[in-house]
Amino acid sequence: MLGNMGNMAGMMKKVQKLQAEMAKLQEELKSRTIEVSTGGGAVKVVVNGEKRIQSIKIAPNAVDPEDVEMLEDLVTAAVNEAMTKVDDMMASEMGKLTGGLNLPPGMF
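The opening position of the sequence shown corresponds to residue 1 in the UniProt record's numbering, with each subsequent residue numbered one higher.
Since the hints were made in silico from the structure, they are not lab data. Since we're looking at a predicted model, the values are computed, not measured. Check each hint, because a few of them may be wrong.
Label pairs and their calculated CB-CB ranges [claimed, not checked]:
| no. | residue 1 | residue 2 | range |
| --- | --- | --- | --- |
| 1 | N7 | E28 | 27 to 35 angstroms |
| 2 | M11 | G40 | 50 to 58 angstroms |
| 3 | M70 | L97 | 39 to 47 angstroms |
| 4 | S92 | V68 | 33 to 41 angstroms |
| 5 | K51 | Q16 | 24 to 32 angstroms |
| 6 | I58 | G99 | 36 to 44 angstroms |
| 7 | S55 | E21 | 27 to 35 angstroms |
C-beta atoms are modelled at their ideal positions from N, C-alpha and C, and glycine is treated no differently.
Sequences and hints are given; from them, build the entire structure.
In structure tokens, the structure reads:
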């Protein structure tokens, strides 16, 4: 029975170490940026790891007063793609740290 307690204590230390490593990685990832462009470079969006838009650049030739809807669609597509790429980056980096463990959301 004591052997199981020792295993549990060892497991708890591993979990605590993993939590600390994950917190450190999350902080590091917040400073990373993702850049996405749509419309052949007409719209560029830069988002950080906290999903905060850092910048949006719109090429002058993308601004057509007769077709504002197209520009709105390009901006929407770029922002959505950037957010998806941030999620993918976070999942990939966390997966490397956890060794592919499928941990429930909010566990760490």
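Hints versus structure:
no., hint, verdict
1, N7 - E28: 27 to 35 angstroms, "31 angstroms, holds"
2, M11 - G40: 50 to 58 angstroms, "52 angstroms, holds"
3, M70 - L97: 39 to 47 angstroms, "41 angstroms, holds"
4, S92 - V68: 33 to 41 angstroms, "36 angstroms, holds"
5, K51 - Q16: 24 to 32 angstroms, "28 angstroms, holds"
6, I58 - G99: 36 to 44 angstroms, "42 angstroms, holds"
7, S55 - E21: 27 to 35 angstroms, "31 angstroms, holds"
Hint check: no violations occur; every hint is consistent with the structure.
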